[in-house]
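Chain residues, written in single-letter form:
Protein chains: 4
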Amino acid sequence: MLRIGLFGAGRIGRMHARNLAAHGRMELVGIYDVNPDAGAAAAAETGSVSVDSVESLLGDDTLDAVFISTSTSTHCELIERAAQAGKAVFCEKPIHVDMSRVDQCGAVLAAAGVPFQIGFNRRFDPGHNALYQAARDGQIGKLEQAVISSRDSIPPTLDFIPSSGGFFRDMVIHDFDMARFLFGEEPVEVMAMSSVLVDPRIGECGDVDSGMVVMRMESGALCHINGTRRCAYGYDQRIELFGERGMLVSANPTRTNLERYTEGGTAARDPLHYFFIERYQESYVRQLDVFVDALESGVPPSPGFDDGRRALLIADAVMESARSGRTVRVGD
Amino acid sequence: MLRIGLFGAGRIGRMHARNLAAHGRMELVGIYDVNPDAGAAAAAETGSVSVDSVESLLGDDTLDAVFISTSTSTHCELIERAAQAGKAVFCEKPIHVDMSRVDQCGAVLAAAGVPFQIGFNRRFDPGHNALYQAARDGQIGKLEQAVISSRDSIPPTLDFIPSSGGFFRDMVIHDFDMARFLFGEEPVEVMAMSSVLVDPRIGECGDVDSGMVVMRMESGALCHINGTRRCAYGYDQRIELFGERGMLVSANPTRTNLERYTEGGTAARDPLHYFFIERYQESYVRQLDVFVDALESGVPPSPGFDDGRRALLIADAVMESARSGRTVRVGD
Amino acid sequence: MLRIGLFGAGRIGRMHARNLAAHGRMELVGIYDVNPDAGAAAAAETGSVSVDSVESLLGDDTLDAVFISTSTSTHCELIERAAQAGKAVFCEKPIHVDMSRVDQCGAVLAAAGVPFQIGFNRRFDPGHNALYQAARDGQIGKLEQAVISSRDSIPPTLDFIPSSGGFFRDMVIHDFDMARFLFGEEPVEVMAMSSVLVDPRIGECGDVDSGMVVMRMESGALCHINGTRRCAYGYDQRIELFGERGMLVSANPTRTNLERYTEGGTAARDPLHYFFIERYQESYVRQLDVFVDALESGVPPSPGFDDGRRALLIADAVMESARSGRTVRVGD
Amino acid sequence: MLRIGLFGAGRIGRMHARNLAAHGRMELVGIYDVNPDAGAAAAAETGSVSVDSVESLLGDDTLDAVFISTSTSTHCELIERAAQAGKAVFCEKPIHVDMSRVDQCGAVLAAAGVPFQIGFNRRFDPGHNALYQAARDGQIGKLEQAVISSRDSIPPTLDFIPSSGGFFRDMVIHDFDMARFLFGEEPVEVMAMSSVLVDPRIGECGDVDSGMVVMRMESGALCHINGTRRCAYGYDQRIELFGERGMLVSANPTRTNLERYTEGGTAARDPLHYFFIERYQESYVRQLDVFVDALESGVPPSPGFDDGRRALLIADAVMESARSGRTVRVGD
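Chains as they are written, first to last, in this note's numbering: chain A, 1 to 332; chain B, 1 to 332; chain C, 1 to 332; chain D, 1 to 332.
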């Protein structure tokens, strides 16, 4: 059993706590949150303990690894301290919203040589992952185009927006990673348009809530991403991958398989899941298995630090394109 | 160009008139209906002429064939007179509701030796026919079970019920033919239950409006048919054919391919077609091609008189089972 | 925490063991299997203990309830002994294949007054249950017809067949229960046909592998069930419920939401789940919640003993109809 | 009956000939093609006559209108001559590939004051049109995003490419019109990337075969179009329109409603239609009705000359963006 400490007991942190507590090969030893009540609640729910400082977890020599699901601005410091304490690290995305801070952190991590996994859980979603495998198996031949639709059901609270890093770095970053994952290559240039269509107050915070991106991959293949912060019928997340011999689609899972036929319409299903924690439930569990497997086998976890870094490079290029109206090359 | 006369210009007759007029290899020469206004209206719509007697069509030596879409009780007499006049005959289902009258008519027809086609149009529906072909191609191996769902959108007018021959002989007869067609063999025994669930006045007419049938085919395969006279979401007609290596489904065509996603539900389509003339539009045209091909090639049309007769034999057995509560062997 | 003992550590028993071990409100105290190796394996997997006699579980005064997933012939004796020991009982279906033995057992159970739940897990399948709720909410008005398709992927081993009680009592019994559950009323009469289409050796055991049933409910509504022991594309279990205002369909869940489009075909999905334990995974967990809720609240669990008994009454009537070719009234 | 002359009897021209000949309110009087054999073949098929000069049609005072489906380079001259002869004009897209030539032609047309309709038939596709109507009815509220997928099954012959005007002006122009039609507003700026992924010889002709576009509409709404010249599973043409209250999808029609379930996969349908003439069959007929209605009512047809012109303006802006890597404002 790997002994795990958890930093951050907010919405995602609490889900990690439950998954860690239920995992057969990991033991959730302690939880730290800047808000002691949040930490205590998560500990009570999972039979774990809430600790009152970062040190009390990192100083525990029996601890194998830490999970970081605190607010983004604190990620790098916690990664560095955990790495220097010799702990393996699992960190939520994004690593940080500032590229130079990411690189600084990467250097510390490399020096410490501890395993690191980034929380790009969607790679492990059953549908998305089956699509990835089918493409790798050559079922549609050479890849030529992708259309990734990424629609949250409701916007985050407005107070989150200013520190979020913005629509592309905070939300669409999952899709930038997905594009790299599916094509198995890097985007070389990007163009993007963005708008404030959902809530003008998001615009007043200096952010956008809707965006469309086109990327050219190394092979010349083209990838489109569309995103929005609000979707009336639930959490709509689809991928279609088009190749010389066909198309693969990862469609939305439905809440149940009930279909309704009435004089108002036929074959109607329920709205989609409303929250990403429900929508991606299985992927959150599967990524824990990947982390444990990596630690037990000694093979570096994947996706790792460089995956987190490259997704941010793309987000930065996209934001520059949306601002300048020009095609922007993705940095290295 | 085959020269055609049409008997009967009611709802179906008028559709036949339009299809005949638009057909490239047939010419609609004249129309007779007991109601001269109906005949005149159909003639006006199709650039044909309305005649005032059966004789004036049958006495026309240049006429090649007749279409019979009058009320069921008049079918046999018209078939016989047309046959004796040497005309090829296309007749709507059912031939008649009384088996002995059918056999009498069959003898006259056989003696005359003219081609005969029965209006089991559904055999030519694109979906049902593709299912038939796929089964014949062996795509699901040996056939084991079928489930045929047969739901009209609205009941016929009450005044039609008493002369209709009843729910099974009038409506489900299409499905009895379909079962024979799909399996390529005869049912040997049947059992059935029926109910009045839609409109008690149908029961007061001595008929039923809902029924379920199970049939055992010669090979031992089992076939279920469910039917009702009323369906809120349109004309629901599906076939599923199950075999040792899989299943084939002929699903309902949709009016358009528009899907709606709202907070009330997802992937909702429009209700189905409400009328059989829309639902089976293409099959009505295709069966004309079959008729012309048969006449031009000299090969007897299919489905023919015996197909009409055998479907009625099944309907009679089903009605006896529904009445007696016993398994009934299908006559020969 | 309710303290639970488990009898039977075969395929289903072992799944119960895992679900019980993972359940937050139950503790799996001990496991007994006639085969000590099976018991030990299940115990090892769940952190429980394997005991060497029925007594050692029933004699434990701290035990609240037992789960019975032994072979069917032993159910009644274990129910009686557990009831007499004052334990609440959860028992797999069917209670027994012999109706008189069931009634004898029911009397003992009633005298003991302990809670009893029968393992009709499908009532708790998310899709089937959502269909049930939608019907109860009146979404399709008065219920008129149901079509229940029940197809296992592969037949059981031949040595299981003779003691199984037969196709209808062993397998289709789930669907008899489902019909009662969905309509909220009893079937009054049934008719059935059965065949040996899958494997002649099943016929040599005196059993059948394919069957079709029609039932008339108290209200006059009609219900069809079709079943087979083998299905090439997986575990195919669908319900369609038809009412005066529409239709509800509980479609098959798919393994993933991946769709394939190639020159060979479009919108193709993977085959269905092959095993009922995967197919009905969530329902097995949910019925545990129902059991715990019932015990904690003091309300008798549902489905209970009478539900198990009535499903068997239907199976017996169906078998008699399949044998005699007559409509058979369901006993009381 | 409107009397119609047809210029051009190639693949599309011949389809127009058939539709005109079958139309109840139009009479196909004569056909001219530079290739007399093509003209004669179309005339023979439709019971029309092939004429040997443009003049012999335009000089016919009884002629009401002309259909132009010749090669693109000849459109403007024929439009001008027909207009000056006082004939109403229906012309295939695009009007021309050179904007200045289009404007010159537009001036002649305006001076003549004859009705003009451009062949953007997809506006009348049943699914696309139902989507348009549902959006106009406010079913999804304010429009925010669209994703238009536009995939031909096979590339045109290489000798067509150089005179085609290029991928965007020839093929994607339909989708530019669709975007204007659906949103009911103009795009203000566009960005695009294009690639040669299907056939390098298309690149050697100076053209591309794959492209992705993002457009910002006047309201700030965003519209994505993806296109390719080759699609293994048929003619894949879908629209999804996303608004504040939901999404509307115009899915691909299927050739039949047959679904296949085997151990290789489930719910598989046939490949899509391979040719646009099959795929858009109904829309080609419906646009004739629109033309006749306009001529009979005296209301100018829609889509008209300005719609053809504006789609070309967008295509030009898109091509410039693909070349320059910059956002390009759409001309006026």
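Be aware that one or more of the hints could be misleading.
Identical copies look the same in the list; a pair holds intra-copy or inter-copy alike.
Straight-line Cα separation of at most 20 Å, SDA-like style, residue types lysine to any residue; simulated pairs [as the list claims (entries may be wrong)]: (1) K142 / G265; (2) K142 / E263; (3) K142 / A130; (4) K142 / E218; (5) K142 / G184; (6) K142 / V188; (7) K142 / D64; (8) K142 / G203; (9) K142 / S71; (10) K142 / R18; (11) K142 / Q104; (12) K142 / I154; (13) K142 / P155.
It should be emphasised that the hints constitute simulated quantities derived from the structure, not laboratory data.
Status of each hint after checking the structure:
Taking identical chains as interchangeable, the C-alpha atoms of K142 and G265 lie at most 20 Å apart only when they sit on different chains, with a minimum of 19 Å there against 39 Å within one chain. In this assembly of identical chains, K142 and E263 lie within 20 Å of each other by CA distance solely across copies; the values are 15 Å between and 45 Å within a copy. For a Cα distance limit of 20 Å, the shortest separation of K142 from A130 inside one copy, 17 Å, qualifies, whereas the shortest one across copies, 32 Å, does not. Only within a single protomer do K142 and E218 lie at most 20 Å apart by alpha-carbon distance; the minimum there is 13 Å, versus 37 Å between protomers.
In this assembly of identical chains, the alpha carbons of K142 and G184 lie at most 20 Å apart only when taken from the same copy (12 Å versus 37 Å across copies). Proximity of K142 and V188 under a CA criterion of 20 Å is satisfied intra-copy only: 18 Å inside one chain copy versus 35 Å between copies. Taking identical chains as interchangeable, the C-alpha atoms of K142 and D64 are never at most 20 Å apart, the minima being 42 Å within one chain and 52 Å between chains. Proximity of K142 to G203 under the C-alpha cut-off of 20 Å is restricted to the inter-copy arrangement: shortest distance 18 Å between copies versus 40 Å within a copy.
Proximity of K142 and S71 under a CA criterion of 20 Å is satisfied in neither setting, with 40 Å inside one chain copy and 34 Å between copies. Within a single copy, K142 and R18 get their C-alpha atoms no closer than 41 Å, and across copies no closer than 40 Å, so neither meets the 20 Å cut-off. With identical chains, the CA atoms of K142 and Q104 are never at most 20 Å apart, being 37 Å at best within one copy and 45 Å at best between copies. Taking the shortest Cα distances, K142 and I154 sit within 20 Å of each other only across copies (16 Å), while inside one copy they are farther apart (36 Å).
Only between protomers do K142 and P155 lie at most 20 Å apart by alpha-carbon distance; the minimum there is 17 Å, versus 37 Å within a single protomer.
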